[in-house]
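**Student:** Given the coordinates of chain A, assemble chain B onto it according to the supplied hints.
What follows is each chain in one-letter form.
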Amino acid sequence: MKILVNGAWRETRSSELARALEELGYGASVVSTAVNGEFVAASERAAIVLTDGDRLEVLAPMQGG
Amino acid sequence: MLQVYQTQLRSRLMLGSARYPSPAILAEAVRAAGAEVVTVSLRRESAGERAGQAFWSLIRELGVRVLPNTAGCHSAKEAVTTAHMAREVFGTPWIKLEVIGEDDTLQPDVFGLVDAARTLCAEGFEVFPYTTEDLVVAERLLAAGCRVLMPWGAPIGSGRGLNNLFGLKALRAHFPEVPLIIDAGLGLPSHAAQALELGFDAVLINTAVAQARDPVQMAGAFALAVEAGLAARQAGPIEPRDLAAPSTPLIGTAFRG
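Residue numbers (our numbering), protein chains in the order written: chain A, 1 to 65; chain B, 1001 to 1257.
Because the hints were derived from the structure by calculation, they are not lab data. None of these values were measured; they are calculated from a predicted model. Hints may be right or wrong, so weigh each one.
Said to hold, decoys possible - Simulated coverage check for chain A against chain B, where a stretch passes if three residues somewhere in it have a Cβ under 8 Å from a Cβ of chain B:
hint	stretch
1	23 to 35
2	38 to 49
3	52 to 61
Stated by the list, open to error - Which chain B residues stay away from chain A? Per the calculated CB distances, all over 12 Å, these:
hint	residue
4	Met1001
5	Arg1031
6	Ala1051
7	Leu1058
8	Ala1086
9	Glu1088
10	Pro1093
11	Asp1109
12	Val1110
13	Asn1163
Unchecked claim - Here are some chain A residues pointing at chain B (derived, C-beta under 10 Å):
hint	residue
14	Met1
15	Asn6
16	Ala18
17	Gly64
18	Gly65
Ideal Cβ placement from N, Cα and C applies to all residues, glycine included.
Extracted from the complex, chain A is given alone in its bound form (with noise of 0.2 Å):
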C-alpha cells in the first residue's frame, strides 16, 4: 500500500495506523499523527485502517518561536 508519509510516497505492509508508523520508524517516538488533515489522538491509531493514497502526517517537537 503506498501512502504519503509527511509529503514523500512510502511504502507500507500493515494497514493499521498504530502498526504503520513502527514499520516507517516512528515505534518509539514522541509524535502526533493526522490522518488526511484529520488529528488521530495516539490511543486512537490501532483502530484506524489506512487506505492507499491517504496522507499521513507525523510531527513531533521543534523549536519555535
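**Tutor:** For chain B alone, kept in the frame of chain A given last:
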C-alpha cells in the same frame, strides 16, 4: 505576579526557542532570561533523524512551562488540527494560536484566527491568540473565550519595536483587565521596557535574542529591561508636556529682582 488562565507567572519575559546557534546556547539563554514560559512548535519528523526527540528532552530538562504555537498554519482548520496535535505531544492546554494571512509581513489572518479561537476555546484549550492591535478583533477574540491576547509589536523577526504606538495604547486602555503580551517584532531591550512602561503585561522575544551576537548576554539584557519597565509602570510615569517645567525651585534664584 501575572495571571494567565490559572497560572501565576513571576517573569514578564517569555522566550521563543528557535534560531539559536545551538541547543546549549538556547538552554543558557532561557536561564539568563529567567523565563518561565518558552514557546515551542511541531514539525514533520523524519523517522531516521529523531531531531524532535532530542529537542523535547532538552526543553523538559529546563523545567519551564511550554507554550506550543501553530506557526505556519494558513487556515483555521490547519491551526485547529495542529493545536490538537500539540496538546497531545506537549501535554498542555495552552496554545499560541497563529493563523498567518500574508507571507511578506506574517500578518495574522484575523478572520481565521477568530474562527479557530472559537473552536479551540470550546474544546477546552487555553488560547493565546497572536493578533494585531485591532480593537474589534480583540473584542471578538475575547467573546470567543480567549482570556489573554498577544498583539504584535511589529512583523515577526523584524526587530522594529512597537510599530503602532497609538493603536497599542488604545488596546491597553480599552482592555485594562485583560493580560496583554506583546508578541513579535521587538528588537531591543528598550522596546521591551517601553512595552512594560505602557502597561503591557509581558513580552515574548525570540529572534532578537537568538540572533544576537551573544544570545545569552542579550537574554540577560532583556530580563533587566522588562524588570525596569514594570517597575517604572508601577512607579507611575509623568505625562509628557510640550513646554519646559523647571526642575530646580525658582524661589530664591540669584540675580532676580
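**Student:** Are the hints correct? Go through all of them and say.
**Tutor:** We went through each hint and held it up to the structure:
| no. | hint | in the structure |
| --- | --- | --- |
| 1 | 23 to 35 | holds (count 9) |
| 2 | 38 to 49 | holds (count 4) |
| 3 | 52 to 61 | holds (count 5) |
| 4 | Met1001 | holds (25 Å) |
| 5 | Arg1031 | holds (17 Å) |
| 6 | Ala1051 | violated (7 Å) |
| 7 | Leu1058 | violated (9 Å) |
| 8 | Ala1086 | violated (7 Å) |
| 9 | Glu1088 | violated (5 Å) |
| 10 | Pro1093 | holds (15 Å) |
| 11 | Asp1109 | holds (18 Å) |
| 12 | Val1110 | holds (19 Å) |
| 13 | Asn1163 | holds (17 Å) |
| 14 | Met1 | violated (17 Å) |
| 15 | Asn6 | holds (4 Å) |
| 16 | Ala18 | violated (14 Å) |
| 17 | Gly64 | holds (3 Å) |
| 18 | Gly65 | holds (3 Å) |
Of the hints listed earlier, those the structure fails to meet are numbers 6, 7, 8, 9, 14 and 16, in rising order.
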